[in-house]
Every structure is written in C-alpha cells, then in structure tokens.
Amino acid sequence: MFDKILIANRGEIAVRIIRACKELGIRTLAVYSQADEESLHVQLADEAICIGPGPSSESYLKIDRIISAAEVGDVEAIHPGYGFLAENAHFAEVCENCNIKFIGPSSAAIRAMGDKVAARDTVRKAGVPIVPGSDGPVDTEADALKIARQIGYPVIVKAAAGGGGRGMRVAHNDPSLVKAFHTARSEAERAFANGAVYIEKYIESPHHIEFQILADQKGKMIHLGERDCSLQRRHQKLLEESPSPILTSDLRKKMGKAAIKAAQSVDYVNAGTIEMLLDATGQFYFIEMNTRIQVEHPVTEEVTGIDIVKEQIRIAAGEELGYDQKEVEFQKAAIECRINAENPFSNFQPCPGRIDFLYTPGGHGVRVDTHVYAGYVIPPHYDSMIAKLICYGRDRRTAMDRMARALDEFLIRGVSTTIPLHKLILKDPNFRRGRYSTSFVDRLLAATQPLVPAANREEPTLKTQAA
Amino acid sequence: MELEQIKAIIVMMKENDLSEFSMEQDGLKIRIKRGPEGFQQTVSLPPPPVAAPALAPRSDAVAAPSIPVAVDPDIKYITSPMVGTFYRAPSPDAPPYADVGKTVDEETVVCIIEAMKVMNEIKAEIKGVIVDILVENAKPVEFGQKLFAVRVK
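Chains A and B are the protein sequences, given in the same order.
Going by numbering that gives the first Met the number 0, the first residue of the first sequence is number 0, and it counts up by one from there.
Going by numbering that gives the first Met the number 0, the first residue of the second sequence is number 0, and it counts up by one from there.
There could be a bad hint or two in this list.
[As the list claims (entries may be wrong)] Derived lysine-lysine pairs resembling DSS-like cross-links, with alpha carbons at most 30 Å apart:
(1) B:LYS122 / B:LYS32
(2) B:LYS138 / A:LYS100
(3) A:LYS219 / A:LYS260
(4) A:LYS217 / A:LYS100
(5) A:LYS100 / A:LYS145
(6) B:LYS116 / A:LYS3
(7) B:LYS138 / A:LYS3
(8) A:LYS100 / B:LYS116
(9) B:LYS116 / B:LYS152
(10) B:LYS75 / A:LYS21
(11) B:LYS138 / B:LYS28
(12) A:LYS219 / A:LYS331
(13) A:LYS252 / A:LYS309
(14) B:LYS145 / A:LYS3
Treat the hints as calculated values from the structure; they're not laboratory data.
Keep in mind the model is a prediction, meaning the values are calculated, not measured.
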C-alpha cells in the first residue's frame, strides 16, 4: 500500500481523496494555487505545496510543477481527481516515466477513450451499440451535410477531443447544421486545441444512463450499477440518481454487460464510467467513456456500500478486487443534487463570494460532500460547484422525501445557490414519478420563470443567538 | 509551536538585539522577554476546541515559520517561480551566487532551483542589496515562496 499520495486537484474531490487516504493510513500532500491558500483541502492534508497563482492554467494544470511537488514531497502515487489533468494522457505518461503511480487507468486507455471518434470505433468493433453517426471526423461542410442527411435530422455535432458535455451543437436542418458545424469546430479548436468534430444522430429527450466500472490489475472487471443523469442543463448534470427509475432489471443486465465489453475493449483498469443514451423505444447506445472518478460517484457508494475512492487507491497499489459481480448488492436508492454558487433564475450567473453563514443538513440517510465552510471565500477562477447533497434510503420514495427535507435545512448565505431550483425539481410531480429526460430542466425553468421574483428570494433562516 | 521555532525566535532576537517578542497564532500566545537575567518566556496554550472542527495542524515541511516583521516599504522579495529544491551555489564546492550584502540587478543570478533533475538559474529581476536569505541550502521550495529579501532603496 502506498505510504504517501499527492492529490492533484482541489475543492470537494480533493477533500474526498484526503478522507480516503486518512482512513487507509496514507499520508497526503496537497497542491494548491495562491487563490486556494484558505481552502479546506490544504488544511486537511498532512503537507501542502503551492504550485502557482489562481488561474488553473498557471497552477492545477502545470504538469511540471505538480511532478516537482511530487518529487520534493517524495510521494509514491498521484490521485488526479476529476477535471484538470485527470484525463490527460500525457500527464499519466509523465507519471509513468517518473515512476510515480497514476491512480487511474494507463495512459494508453485514457488516450483510446479520450478521442471520442476513435472510442466509438473501438467499442463498435467490440460489439457495443453506438449512436448512428459519422465513421470518423467530419472535415468539410459538404461532408457534414451529406452525413446529416444520411443519418436523418436532428443531428448533433460533437468535438472529437471534447467530452463532459462541452463542444456540442444540435442542428435540426441544413442551414443550422452548417452553422453548428463551423461553430463547433472553432469552439473545439479554442477549448481543446483540436478542431476535429464528428456527427451523431441526436436522440430526442433521451435518458442519460451511465454504468460505474471497477477493474483491478489482475483483469477482474465488474460494474456497480447505473446512475441516471438525465437531469441536465446545457449538457451539465444537475442531479443524479440510482437506480434509474426507468430501467428494468433485464435492461440493467444487458446494459451492464455492454458497459463491461466497452471497458474491456481498451483493457481498462481502475474506476471508470461508461455513458449511454436510452431512447424512448428501449434502445441503448454508447456515447463515451469517462476514464476517471466522477463527480456523482457518491450515488453509487450509497447504493452499494462500496468506497470507490478507496478501491481506486487499492487497485493502483496492486490489490485484487475483493468481490465478484454477483456479490455486489444494490441495497439502497440514492439521489445527489449538485449545489452550485449560481443563480438559477438569473441564467445561472456564477456568484463567487464569501459564505457568511452555512448550515449543512444531517440526520439519517444524508451525506454532504463539500469543501466550503462558514467564512470561506469562493474564488472566481474555478467551477461553481460548492457542495454535493446525497440522500439515500430503502427506496426512491424515501430518498426523495429525505432530499426534499434536507434541501429545506440547507442554508447558505452570502452567495446565491441552485438550492431553490433543486427544491422545485423535488416537488415536481413528473420527477417524482420518474418521468423526466434531458429536456426536463429547461422546461421546468421556462414554466417557473414568471412565478419566481428575480432577486430577493427570502431563504428561511435559523434563529441564532448572535445577531 | 515547535521547540525549533522557539529557538529560531531566540536567535533572531539576539541577532537583532530585540528585548521583547510576542505573537499570537491559532489561539497560541507566546511572549519572550530578554533581560539581564537571560530569557524568560510565557506560553499560554489555547483552550480546548469547542465547536470548531479539529483541523490537523499542517506540518509545513516547505514554508518558513511565519514570524511577523514590521513591513518595510524598501524591502522587496525575490520569490520562487517554481516548485523544487533551492541551492545557493552552482555546485557543492562553488561559492554561493549571492550573500547578504551583495548588490544585485535584474539579470543577476541569485540561486538555482532544481526541478525534475533540471537546474534552473533564478535571476533577481529587481535592483538592490540582499539583506536576508530566507531559505536554507538544499531545502524544498514552493511557488511564490520568499527566497531573498532585497533592500531596493
């Protein structure tokens, strides 16, 4: 087992990794930017090294400084978390070359799944269904039009080097396809330094179902069930749950098998997630694989009782998975709400600032994963997620009632948050019936807008003795 | 507060001819007085934590102990632009690049920071006279860490 690990990340996931390390008796080294000097992960780690100024490109993305810190701190492994360098094949390679264990898959597997076009081809050859689309990157406007007419509108133009919902454009006809094609290419060039795009059939109002994979270095691979992440806005997830309210056990078996086949096609090791779309006819398709731990991993942890971050560390240290597929039990239903420092009724405008007051919910079946505390100043340089609220219980009804109750207790003052939007979602009768898809949030917001006063939504406050 | 830090404070007081020093950090108060009878110190420990979470104190292997000094506007700092190991000279037998009292300008090499087996020469990038060296030879440094204090006027 490792003696010391460097956490190449920040925020709540850095705290999450430090917690797992502490429980395993592993010493922790945090790296941080100058904007994160007061951050919780810096305070919880055994040691911390500053690696640059606020902007990520100057700090958390600086491979040389992180590797330097790893050498100075004499660590044996690096956990990359999610985002930043987690799916950077070059970073994984540098770690391999410097004899530092990268806690995740091989750089080859990251590369294979990181190219979304190549990934489609790889899993297709392995017998996994993919969304009908272009066979490779689409280079010209003429090709784009030909393929789009072949597949049939509507289509979606995606960045080959993208993923995570970024660099995507939907088109319903020829003129909008031309626009989407060019916009997607220039956006991809700017965001990923790679303007290659591909085209898929756009599946309307699908369910986004993803399967959690765990594989050890000895070749054993299992899945830990699915997460339904259909509640999205602009391809960014807001809420995730497991089990999916619309999956039959037959579909779960079929999709689980397909997910394992897809991961095996790149000899995957460690934790990863296969993302699929499920259409209204019950057909499912592979869209991409995330070769890292995901934001919503706590949902699966509460359903199965398995600590995924600890398993990542154990697998990287060479341990075998201690159980088989049939021993994985789906004991609970769990829901996660991502709480962002954004105003959901003001077009999700980010609200960095100081958290003056914080009360996090508790009680039976409630888990809060966060790096914020009262008095913390949310820096402007990073994403706006400040907490994850996970509620679980014996069935979906219990988890939902618990989530609604917990959201009512969750008080954050000083910044606007998306808590009010989550409250609306939990009250929505269609959500409660499990009837929703990726267009749900937009429709809910459109229906709610006239009813909600733009600013000055009074949040209930706790009566405190201090003024 | 480590014994080493208290010793460092006493040395600093002797070197700078200070007669009294006090500081407060994380609820710990320390006061050291230097008189003809020698050093006296009173240390009061913080009350047991009540509501605040017990955050483990960070044993900072790389940062210098934060002893407050009066802010002198004529003193500027050369800080580390990278993470690595600080060396005062190009090799173990060579003389150091810069000692206290050395006049430097923007192009003067003041130290080496070794990162991933690459020796990087660090330039002063300011004009002035070195008045203090804040890191020991062969110690690790982090980004932004103060290396030299330079009197610019």
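Please list, smallest to largest, the hint numbers that this structure does not respect.
Violated hints: 1, 5, 9, 10; rest satisfied.
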